[in-house]
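Given chain D, work out where chain R should sit, using these hints.
Residue numbers (our numbering), protein chains in the order written: chain D, 1 to 232; chain R, 1 to 86.
Don't read these hints as lab results, they were simulated from the structure.
Hints are supplied without guarantee of correctness; some may be wrong.
To be verified - Which bits of chain R does chain D cover? Going by a derived footprint, with three or more residues having C-beta under 8 Å, they are:
#1 23-35
#2 66-78
As the list claims (entries may be wrong) - A few chain D residues that face chain R, going by a derived Cβ cut-off under 7 Å, partial list only:
#3 T101
#4 T103
#5 M104
#6 A106
#7 P108
#8 V148
To be verified - Residues from chain D that face chain R, not an exhaustive set, calculated with beta carbons under 8 Å:
#9 A61
#10 R65
#11 G100
Note that CB positions come from ideal geometry on N, CA and C, so glycine has one too.
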Amino acid sequence: MRFAVVQFGGSNCDRDAVSVLSTLCGVDTDLVWYKDRLRKPYDAVIIPGGFSYGDYLRAGAIAARTAIMEDVASMAARGGLVLGICNGAQILAEAGMVPGTFTMNAYPKFICRKVHIRVETTQSPFTSLYRKGEAIAIPIAHQEGRYVAPLADVQKLERDSRIAFRFCSPEGDVGQGWNPNGSLGSITGVLNEAGNVLAMMPHPERASEEILGSDQGKRIFMSMVRHVEAGA
Amino acid sequence: MRCFLMIYLVKITISLKEGMLDPEAAAIRQALANLGYPTLDLKTARQFTVRFDAANGEEAREQAAAMCDRLLANPIIHRYEIEVRE
Chain D
1 MRFAVVQFGG SNCDRDAVSV LSTLCGVDTD LVWYKDRLRK PYDAVIIPGG FSYGDYLRAG
61 AIAARTAIME DVASMAARGG LVLGICNGAQ ILAEAGMVPG TFTMNAYPKF ICRKVHIRVE
121 TTQSPFTSLY RKGEAIAIPI AHQEGRYVAP LADVQKLERD SRIAFRFCSP EGDVGQGWNP
181 NGSLGSITGV LNEAGNVLAM MPHPERASEE ILGSDQGKRI FMSMVRHVEA GA
Chain R
1 MRCFLMIYLV KITISLKEGM LDPEAAAIRQ ALANLGYPTL DLKTARQFTV RFDAANGEEA
61 REQAAAMCDR LLANPIIHRY EIEVRE
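Pulled out of the complex, with its shape left as it was, chain D reads as follows (with noise of 0.2 Å):
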């Protein structure tokens, strides 16, 4: 098994998953440079947060269209496991790969911050070791994150379950006063038709060790391990 980091010049998380992916998470985890492609058959590519190109035009517009999400794009046809975080969310967006923009905070300042997230569907390669409504403490850091789509889109997104988390209250409620962007519905984190592209603006690689504040996000990673694990 073999996870890749996909670093961009402005990535500034990559480590941090690299590290938690490789230390906490038992995985071979290479950090590979965008501009040196993705070479071997990897199981998982998880594309960071930062501000790749300075957030320039529209934050992940620039880096969605660099050669290397090419072979993202492939990769994940071929039914590899895409997990963008962040700045990486917004860039599969940007590259279309998951419906919708991650657009402007309603209140347009950076948010960076611990929030609850609800676990939406546990049908999905990063959310299996979750229970379904369960309610995970994790971090926020952006000024770009206000999910928007197409009602049509949004209403396929509920049919199919592939809303993977919403904004909630530590307890677990959904509603405006647990929703610190604006996003529509709530919704921040979405998968792709096949279930294999992740997008989420919340941070797990923050979230994976009790001494950081919570571990509650380890189980998106150690999930993408179990699914890897269970196809080998």
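Frame of chain D, contents of chain R only:
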């Protein structure tokens, strides 16, 4: 057949689609109101000025539209206007 290329100056204006939340515009509008300039409406837009070669104005417009579709605009939230000058 020879093809003569002209240099075109194209102005591309990207703005949010009608009805989209524009938090930046709301903050600016509030700041203007605080300075004593109440406004009924305020919209923001982003303008790109590009120069490139094209065979004719129509081709220049098509090329600019392709630039918008493929990179400059996000079709989920944006609309764009293109102004072509020789």
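Per the coverage rule (Cβ-Cβ under 8 Å, at least three residues), is the stretch 66-78 of chain R covered by chain D?
holds (count 6)
With a cut-off of 7 Å on the beta carbons, see whether D/T103 makes it to chain R.
holds, 6 Å
Hey, does the D/G100 contact hint survive, CB to chain R under 8 Å?
Holds, about 7 Å.
Grab the minimum C-beta distance from D/A106 to chain R and call the hint holds if it beats 7 Å, violated otherwise.
With Cβ-Cβ at 6 Å, under 7 Å, it holds.
Does the nearest C-beta of chain R fall within a distance shorter than 8 Å of the C-beta of D/R65?
holds, 6 Å
Cut-off 7 Å, beta-carbon criterion: hint that D/V148 touches chain R:
holds, 6 Å
Against chain D, does the stretch 23-35 of chain R show at least 3 residues with beta-carbon separation below 8 Å?
Holds: 3 residues of the stretch 23-35 of chain R have a Cβ under 8 Å from chain D.
Restraint satisfaction for D/M104 [CB to CB of chain R, less than 7 Å]:
holds, 5 Å
Chain R contact restraint on D/A61 - CB to CB distance below 8 Å
holds, 7 Å
Less than 7 Å between beta-carbons is the criterion; does D/P108 satisfy it with respect to chain R?
holds, 4 Å
Are D/T101 and chain R close enough, Cβ to Cβ, to be under 7 Å, as the hint says?
The hint holds - D/T101 has a Cβ within 7 Å of chain R, the shortest such distance being about 5 Å.
Violation of the numbered hints given earlier is absent; every hint is satisfied by the structure.
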